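Undergrad: Going down the list, the sequences are from chains E and L.
Per the numbering used here, the very first residue in the first sequence carries number 2; after that it's consecutive.
Per the numbering used here, the very first residue in the second sequence carries number 424; after that it's consecutive.
Don't read these hints as lab results, they were simulated from the structure.
Remember, predicted model here, so these are calculated numbers, not experimental data.
Every residue gets a Cβ at the ideal spot worked out from N, C-alpha and C, and that includes glycine.
The reader is advised that the hints may include incorrect statements.
[As the list claims (entries may be wrong)] Cβ-to-Cβ under 7 Å is the rule here; a few derived chain L residues that face chain E:
#, residue
1, I432
2, L434
3, R440
4, V445
5, E539
6, G542
7, D543
8, W838
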Amino acid sequence: MGVRELARTLLPARRRSLDAEDFADAVRPHMPAMIRLAARLGPSEGEDDVVQEALVRAWRHRARFDARRGTFGTWLLSIVANEAHRATARRRRPLTIGAPQPASSPEDVLDLATAIRRLAPRQKLAVDCFYFVGLSIAETAAIMECSEGTVKSTLADARLRLRNALGSDGI
Amino acid sequence: MSTDHEIDIRLRAEGARWRSQVPIDRDVADVRFGEPVGGRLLGRLVLGLGSLGVLVAVVAVLTSLRLSPSVGLSDETPGRSQPAGPESAATPAATALDLNIVRPGDAVVATGAMAEQRGDVYLCPTKLLGITGGIGCLGDLVIVRNAQSWRGDVRVEGVWDGQAIEATAITREKVPSGSSWPPIPCDPPAGGWPSLPTGDDGESTGRALEQEVGRHPERYIGLWPAATTNAAGDVKNRALVVGTVDDVQSVTQALTAIYPFNLCVVRSDFSAAELQPVVDELESLDYPWHVGLEPRVGRVEVWTTALTPEMAEALAPFSGKVALQTALRRSTDPETRRFAVIHAVNTDPVNFGGVYLEDDGTLVILYVGANAGGAIVERLASGMAVRWEKVERSSGELRQAATEIRERSLNGVTWIAIDTIRNRVHVGVGPGGSVADVSRLLAEDYGDGVYVSEGDVLVTLPAMPSASP
Numbered sequence: 002m003g004v005r006e007l008a009r010t011l012l013p014a015r016r017r018s019l020d021a022e023d024f025a026d027a028v029r030p031h032m033p034a035m036i037r038l039a040a041r042l043g044p045s046e047g048e049d050d051v052v053q054e055a056l057v058r059a060w061r062h063r064a065r066f067d068a069r070r071g072t073f074g075t076w077l078l079s080i081v082a083n084e085a086h087r088a089t090a091r092r093r094r095p096l097t098i099g100a101p102q103p104a105s106s107p108e109d110v111l112d113l114a115t116a117i118r119r120l121a122p123r124q125k126l127a128v129d130c131f132y133f134v135g136l137s138i139a140e141t142a143a144i145m146e147c148s149e150g151t152v153k154s155t156l157a158d159a160r161l162r163l164r165n166a167l168g169s170d171g172i
Numbered sequence: 424m425s426t427d428h429e430i431d432i433r434l435r436a437e438g439a440r441w442r443s444q445v446p447i448d449r450d451v452a453d454v455r456f457g458e459p460v461g462g463r464l465l466g467r468l469v470l471g472l473g474s475l476g477v478l479v480a481v482v483a484v485l486t487s488l489r490l491s492p493s494v495g496l497s498d499e500t501p502g503r504s505q506p507a508g509p510e511s512a513a514t515p516a517a518t519a520l521d522l523n524i525v526r527p528g529d530a531v532v533a534t535g536a537m538a539e540q541r542g543d544v545y546l547c548p549t550k551l552l553g554i555t556g557g558i559g560c561l562g563d564l565v566i567v568r569n570a571q572s573w574r575g576d577v578r579v580e581g582v583w584d585g586q587a588i589e590a591t592a593i594t595r596e597k598v599p600s601g602s603s604w605p606p607i608p609c610d611p612p613a614g615g616w617p618s619l620p621t622g623d624d625g626e627s628t629g630r631a632l633e634q635e636v637g638r639h640p641e642r643y644i645g646l647w648p649a650a651t652t653n654a655a656g657d658v659k660n661r662a663l664v665v666g667t668v669d670d671v672q673s674v675t676q677a678l679t680a681i682y683p684f685n686l687c688v689v690r691s692d693f694s695a696a697e698l699q700p701v702v703d704e705l706e707s708l709d710y711p712w713h714v715g716l717e718p719r720v721g722r723v724e725v726w727t728t729a730l731t732p733e734m735a736e737a738l739a740p741f742s743g744k745v746a747l748q749t750a751l752r753r754s755t756d757p758e759t760r761r762f763a764v765i766h767a768v769n770t771d772p773v774n775f776g777g778v779y780l781e782d783d784g785t786l787v788i789l790y791v792g793a794n795a796g797g798a799i800v801e802r803l804a805s806g807m808a809v810r811w812e813k814v815e816r817s818s819g820e821l822r823q824a825a826t827e828i829r830e831r832s833l834n835g836v837t838w839i840a841i842d843t844i845r846n847r848v849h850v851g852v853g854p855g856g857s858v859a860d861v862s863r864l865l866a867e868d869y870g871d872g873v874y875v876s877e878g879d880v881l882v883t884l885p886a887m888p889s890a891s892p
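In isolation and in its complexed conformation, chain L is listed as follows (with noise of 0.2 Å):
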């Protein structure tokens, strides 16, 4: 029978021989480079643009400086949540939650700062890092494309394809930094915040009062420090807020007999016992946010970076408890959203035949057969001017007769174009050719899908917003 000494040996030694095999010198902001955005939230949280270890840390200035406000789901409880965004503004709980839905395809809009690396152009929505060896990201990385000339903070519009933005518009938009510390939600005692206790009495009666607030997650929802500052971001006066459930006035009474300090309590919608299992079940659930008890916020904070209808609808349940911070939020630009259903168009040549814009902005959609590709399209163009107009040939099919003409090398031929407005190839045929020749040997293989001629050509691009600096 070996020893305990001879036991704790061979721990010893089997602990150094599994520590040397745990490496631990590389650097976690290069674990996850360059993976797009689609995993969970903070597998990615880190992106190393340096090429040196570098450690980045960290997160989440995301609660107050990129991401979108927080959006409480309920319009029951509006609690101490952050105002919703633009689109969601006083809308019930399901239809916050709808409308804050992302789904490729989507107008959408985002804050951040840009960056490049390896000729992919990125957005941390959240805040960019300076560090040794480079620079990095804390939260989601949003590929940019159509954004090669840009860096810093930006405002971001374009579509959402479910890893990327393809950036429609483009615009400075510095973010302020704010302060580190939340405000202190109280009106500050006559003769305003007095200094903060030190030494053991400070320590003490802190320490009671975090074990009171703990011990009682039914009545309390936590308990946080909050600071007054001046412009600069120093601290000014410090204060131990507490939220609570029960009257404020009984259990200020009652806190401060334990913390005779600066002491805030304030009213909570909820107490830690009930939002905690919220927190649990969600964190159950394998999507890619991150969820934390928020006592500042009085409600469970559910952050990512797009809003699948899957993620509202295990939401739903609990609206009214979460508050939702998304960094890719709906864009109401009347250009993005027209981009969008131009960009939805366009890159479905099976079931349109094209898009362009009339004098008066309207949208003409072009499609063929049944309009398989519809519903998605009208989900996009839902509010604008748009008028559908059934043709015979998918843009995909014109875009394949035009190939094939080219490839044909016909006598006189000098430019082949595709007629989105009249759904059809036009041939251009300049001197030393037949129009004739030319119209009657095409005529035999695409019928009036083609139209042949001298002259200029009519071609219709739809209009393109610009995403340049």
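One chain only, chain E, in its complex shape (with noise of 0.2 Å):
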């Protein structure tokens, strides 16, 4: 099944193809959570940029879309998650390639942003859908292109590592 046909199952029979009003109201529900998605993989600020990119992602591709691999709010969150990813590789362009940041030591005191950030990407991603755009295990899993256990047991990694950069000072 296409956009087009998800479209007919979820609209008003009002139209009988797809245009752009169609596919706005199909995005609509979404929105929050790809808001949400693009601030928080996106560069700072940026979200609205990436998800008007993203936008125009999905509607150029909207034929691509099959309801087979998935729902259509995971289709777009997927979108938004790589134009967030491109959108930061943009912006860092410029830095230089220098020494990698020095791993956390024991002493460190950090708190859970600053261990967040340190996470391995996959398990950062993971935490970002997950916990704090608030994403299902599904839709995260659509996101990391990956199993829905292997989204937990990447989230099981990532608490170990947050409870061991932590320590019980950090909580």
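Combine both chains into one complex, guided by the hints.
TA: The following block contains the structure:
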């Protein structure tokens, strides 16, 4: 089922073909999650650009949406995630390549935000999507392009790493 | 040491706190409202014209509706890209790029839908949406001046100043909405296209085909659904289309074994592996364009409102692999181009004395000094009948003199005008005044830059094309 058919099932049968208005209607319920995801994964204060860029991409590729591979919402969120990473990479581009950041030492006193930033990228992505954006495990799996089981194990690994990083003082 | 459960609770709490601080109730449509063209294309994707929460989405009827035809940037690989625009048809790569460059001051043409918001008139080059609470545009918005009475689908000719179009002519032009589905680029099999499979069969085979195409980016450009539609836009038949750089016949045989249904294999000039690096490179550049690999076009599509010289230079290395779509094209309309020249001259009061039109249609451009503004105007006037004349005084100096004379409130002076052709200020003296006295007073300050007379004044005004509906 393509997005056109999806729109037909989602929307009143007032139009025979999917046009941009139909698409907007289909997108609307997912906007809060899209904005949050863009805010979490994208560059600072760039969520609107990310979301709008994602909307463009989603519209252009709407024919590629395949309901057999996931819901319309997870498809949109995947596109937002990609756009957020792209936007972040663009903004980081001027930075020079230097020595890696030193790993946290046991003596470090970390707050949670810092500890999350120091997670492995996949762990941070899972934490961002699940805990902060508020996505479900299934939606997070769609964005991470992995199984739901992998998301759960990644989250468990992330929590373990946070526990070690924060210690009892951090909590 | 905290437990896993405690960390989980802490994360949930932090997440909830963070979510509460991220505003989501605002309207995406309003975020960039009113910004003129100039930033990133998609940063101004949506113009909310309603006062309330209008979520507009989307775009891009860009591909087939309102943007100029896709322009292949090379003559070596015409491929399946759309025919070039009027200025760029059958032109080699560099020329195609150059001809699509739009600079401030250029005469341009664009089609789209007009809408008004807060006193400004905007052209939506793509699609104007009617949505709850207002209307919105997908794609870049272009401010159009001199178009207050126009609404709806139009074709605008005018002068581009980098931010807005100064309209010189507007005509009604209804653009057909067309089908959302691309046509099937293969002949139907004997007996026509059958219905697509449903259920597990269709799912598994369709997925297998997609995986096969995705696994071999060096062999395929991609896969896309296509359909035949009737006049009302209703889908009659659907098929999956695969573009390949390999032999079509052998690929068809191989893929039919995977997907034995409505399959259409077409030749592609490039594979996804060849085009994706182009997409990545262009997206890494901070230009106001939108870039995407379009299997249907067989190229990397680049969409933008106006192609600048810098953007053209960045695209040049990829000519042949890029299909360019611009909302603004340089106009070939003689009146619009003439207006652009007049506009350029009249907005440079330092380097020009003015411009006027002779009876035979020749534009006479009056310049001062070393003609410092000549290069710009010369480019705009390329191919036109133009005569250049050097004059002593710039239009700015003439206007200044006229202002000063007006402020002196000389006895008997009834009107003051600028005589562009004679490059002087013409002062009229009515009953009760003395031409001789006024002439003497003004000659002391302005010499032969001022002419005093009784009777009718001769004022030359440049012919201005009308933009009225």
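Undergrad: Compare the structure with the hints numbered earlier in the document and write down the numbers of the violated ones, lowest to highest.
TA: 1, 3, 5, 6, 7 and 8
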